[in-house]
Every structure is written in structure tokens, then in C-alpha cells.
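Q: Below are the chains, spelled out letter by letter.
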Amino acid sequence: MENSISVKLKVWRQANPKAQGEFVTYELQDIPTDTSFLETLDILNEQLVERGEEPIAFDHDCREGICGMCSLYINGHPHGPATGATTCQLYMRRFKDGETITVEPWRSAAFPVIKDLMVDRNAFDKIQQAGGYVSFNTGGAQDANAIPISKVDADEAMDSASCIGCGACVAACKNGSAMLFVSAKVSQFALLPQGKAEAKKRVKAMLQKMDELGFGNCTNTGACAAECPKNIKLSNIARLNREYICAKCSD
Amino acid sequence: MWLFKSSVGRKVVMSVTGLFLILFLTFHALMNAVAVLSLDAYEAVCEFLGANWYALLGTLVLAAGFVIHIIFAFWLTLQNRSARGNDRYAVTARPKSVEWASQNMLVLGIIVLCFLVLHLFQFWAKMQLPEITGGDVYSGSQALEATFSQPWVLPVYLIGFCAIWFHITHGFWSAFQSLGANNDKWLCRWKCIGWWWATIVMLLFAVEAIALTIKFATDSCPCIGELI
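Residue numbers (our numbering), protein chains in the order written: chain Z, 1 to 251; chain F, 252 to 479.
Just so you know, these hints were derived from the structure itself, not from any lab. Do not rely on the hints blindly, as some may be mistaken.
[To be verified] Computed list of lysine-lysine pairs in DSBU-like fashion (alpha-carbon distance at most 30 angstroms, straight line):
1. F:Lys436 / Z:Lys204
2. Z:Lys8 / F:Lys256
3. Z:Lys196 / F:Lys436
4. Z:Lys200 / F:Lys436
5. Z:Lys209 / F:Lys256
6. Z:Lys174 / F:Lys466
7. F:Lys466 / Z:Lys126
8. Z:Lys151 / Z:Lys18
9. F:Lys377 / Z:Lys174
10. F:Lys436 / Z:Lys10
11. F:Lys442 / Z:Lys204
12. Z:Lys151 / Z:Lys115
13. F:Lys442 / Z:Lys174
14. F:Lys256 / Z:Lys151
15. Z:Lys233 / F:Lys466
16. F:Lys377 / Z:Lys204
17. Z:Lys248 / F:Lys436
18. Z:Lys196 / F:Lys256
19. Z:Lys233 / F:Lys347
20. F:Lys377 / Z:Lys233
21. Z:Lys248 / F:Lys347
[As the list claims (entries may be wrong)] Negatives, chain F to chain Z, calculated, CB over 10 angstroms:
22. Ala302
23. Phe325
24. Pro402
Glycine included, each C-beta is placed from N, C-alpha and C at the ideal position.
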């Protein structure tokens, strides 16, 4: 039942952060359509190694859409043309036989290229370190009815917490803004009673760090939410704005 | 000051000034309607908004609204371009849910600014300004006639109105989003209210401009009169 396609991969190659990068086109023959996109890159890399060329560097880890390591800007979309899916969940059946697929790294001043398609996303870790946690001892798990939380809030917090921090929002944004990521990380706490204790301090610290690291200003184009592999909603950004404005006004 | 130093604060400034300007445009469209209905009544409105202390104060506040909105727009855009980095994507695609206007607010704003400068030359520079500086002061209907009797004015104004329409359809809901007054339910509501608000106000402007052109251009240029 399997079909095979042949594609051209136009891949960004850059030897190191300071080197001048360029696109190199590779032809791949008879790729089964049930191959994942990352496996296709693996196949290409094997061929490159056999030919004695430098393999393409790209980020990947769990390959099941939960770790947030894979990136890649494929044919104008972060994580490729599929919606609600990461690059590792993208399959070659999405592409046509003979198609040229353009593969670029995330492009943002805050995410410098390390090599080829690999970018440095440490900026996200720095934002998390600035306040994306609760700093008190939560103890063991309590009875579920000890702290009543409405189902709506619990679901909303869980949806926000599904952000895997891949950086697709920054890559998709014409302003290189990290607002969707920061808003998800702020929301997952702001919605729950455990997070409310440090809500003001958290939102100010995380937003300040985000600005410091050189991410852009949000202009509400909504490209981030449209391209997010975890479907993080735009309403999180409104909540972040609200939390921040209220925190600043109460200073 | 967090309104200048933080990204959210800068957007708050854009939102507040933007909403203020939308409110101003709404009143402006209503005042124009007076000119279409009765030139005498329009003269009374112009008299009321001449070089009185309250009208001058209002003009200053309005000018500040424009200036702050425009300066912040350029400032934010410069920051956003540098945040994007030096390398641009070779291939980009606009997701369906992303409005065209939202990605072109600066360009639309620049078109609106050009229109604004022209409009100020045609009216403010002939009416309120000479009242302050001393000079030849046009009455409301004189300024209207001097402007709308020229056939090129209408198409230029209509282009300006289109740019403002696009600018507001995104700007309206975006302002509430930036102010944090938004959630899943209200996102669609603000978009809907913004669309209707922009459409009604800009249609009003367009109808008024067409009516005034018919009124004044037909006298000076009989060929238009024959066309109508």
C-alpha cells in the first residue's frame, strides 16, 4: 500500500554561528510517504556521510511530539504544513512527488543559529528561570477536594501547560516576539490557586527577562497561535497583558 | 516608567492612543454629516470649534494622541525588525487566520499619515491655524468648497478611507487584546464589533465625501454634473 516520492530538499547550511550560510539543494529518490520528515533527513544524512560530506545538523529528541526539541521552518511554516503537529509528527505524504521543500532554521535575533538548522533556544530557559515556577514547598499531593478548582480553570491551565517550549511562536512571528510562550507559562500558574501567591512577581520577572533577551513586541497578528504545534490559544496573551498591567498598577 | 520600558507597556500606549483616535474619527464622521445636511448648521459647528480655549485644548490633546501613536509605531517597528534578526526567511506563508492588515499596520499607517497631512493642509491650515496666527480665515463651507470642487480629491479621500478601514479592523480588537480585556469569548466579539464600527464610520465618511463632491464639483465642473 506504500507510495514513494522523490523530493528536492533545499536546506540551509551554515558551518557555525558566525559563518555565512547558504541554501544547498539535495535530491532524494524513492522516499516512502510513511517516512517522517526527520527520518527523511536521517536518510539524507546517511547518504551525505557515505559520500564523505558533512551531515546536516538539526535538533530532535523524543520524536513523538512532546519534548519540544525539533524545530525547522518548512515551506514557510514552523514545523511544516501540518497544523497542531511538530516536525517529528510530519510525514512525507504531506508533500508531492518532485516537490522542492525549503528547510530553514528558526530566524530570530534571540535564537542565533548554532549550525545548519540548529538554533540556540536557551533564551526560553532563561525566561523560565526568571519566574516560571512556584518557589514554595508544595508538599505531597493533597486530596483533590482540599483546594477546589473549577473544571474550566483546571482545563485552561492544563491547555496552557501543554506548551513544549519549541519556539515555533517566535519563529512564526514577524516581530520575533515570545509572547505566546511567556503567556502560556504565566497562565498555567495564574489560573491556579497555587500560582496566585507569586503571580505578580512572576509575571513582572518573566516579562522583563523576555524584553531583555531581545524578543520583539507583540502586534497581535496571531501567527504564533496559528502555527503552534500544541494549539496554545491567543487568549493567553490577553491574560499575560492583564496580569502584567494589574501587577504594575498595584506597585 | 513601565509604559516606555516594557513591551506590554508600549503596547498599552498604542492601544489607548489608538482607541482615542477611533473615538475622534467617530465624532468627526458625525460632524461631517451636519455639513451634508445643512451648511448653516456646519458653520455653527465650525464656530464652536474655532480658536476657543476649549477647542485649542482639544486640538492639542488630539495632536498629542496622533504624535504619540505615530512615534510609538515607528519605535515598535524598529525594535521588532531588529528582534527578527538579520536573516529573512526564503519562503514565508501567511496562515489563514492571520489578517493581512495585522501584518501591514505600519504601511497602512503611513498611507493614513500622508492622507492626514493633506487633510490638515486643506482644512486646519485654512481654518483654525490662521485664526491663531492671523491671516485669511476660511469659513467651513468655503474650505469644503475649495477642497471638494477639485475632482482629484474624492478618489484620494476614498483611498485614505480604505487604508483607515483596514487599519481599524485590526487595531480595534488588537487594542483590547493589548489592554488584557480579552478572552476566548470576547476575541470574536471584539473582532465583530471592530469590523462593524470601522465599516459604519468609514462608509459614513465615504458617503459624505461623495455627497460634498456632488454638491461642489458639479458647479465648477459641469461635465461631472452631466455624468450624474
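Q: Taking only the CA atoms, is the gap from F:Lys436 to Z:Lys204 under or equal to 30 angstroms?
A: Cα-Cα ~26 angstroms, so holds.
Q: Say whether it holds or is violated: F:Phe325 keeps its Cβ farther than 10 angstroms from all Cβ of chain Z.
A: Non-interface label stands for F:Phe325: nearest chain Z Cβ at 12 angstroms, farther than 10 angstroms.
Q: Looking at F:Ala302 again, its CB stays over 10 angstroms from all of chain Z?
A: With a cut-off of 10 angstroms, F:Ala302 remains clear of chain Z, as the shortest Cβ separation is near 38 angstroms.
Q: Assess, step by step, whether the Cα of Z:Lys151 is no farther than 30 angstroms from the Cα of Z:Lys115, and give holds or violated.
A: The hint is violated at about 44 angstroms.
Q: Quickly compare the C-alpha distance for Z:Lys248 and F:Lys347 to 30 angstroms and report which way the hint goes.
A: violated, 35 angstroms
Q: Just to be careful, I want the Cα atoms of F:Lys442 and Z:Lys204 compared with a cutoff of 30 angstroms; is the pair within it?
A: holds, 29 angstroms
Q: Against the 30 angstroms threshold, does the CA-CA distance of Z:Lys196 and F:Lys436 hold or violate the hint?
A: holds, 23 angstroms
Q: Can you confirm whether the C-alpha distance between Z:Lys233 and F:Lys466 stays at or below 30 angstroms?
A: violated, 51 angstroms
Q: Are Z:Lys151 and Z:Lys18 close enough, with their CA atoms no more than 30 angstroms apart?
A: Answer violated: Z:Lys151 to Z:Lys18 is near 50 angstroms, above 30 angstroms.
Q: Starting from Z:Lys209, check that the Cα of F:Lys256 is at most 30 angstroms away, please.
A: holds, 12 angstroms
Q: Would you check the hint for Z:Lys248 and F:Lys436, treating anything up to 30 angstroms between C-alpha atoms as holding?
A: holds, 26 angstroms
Q: If you draw a straight line from the CA of F:Lys377 to the CA of Z:Lys233, is it 30 angstroms or shorter?
A: violated, 50 angstroms
When the structure is compared with the earlier hints, violations turn up for hints 2, 6, 7, 8, 9, 10, 12, 14, 15, 16, 20 and 21 and for no others.
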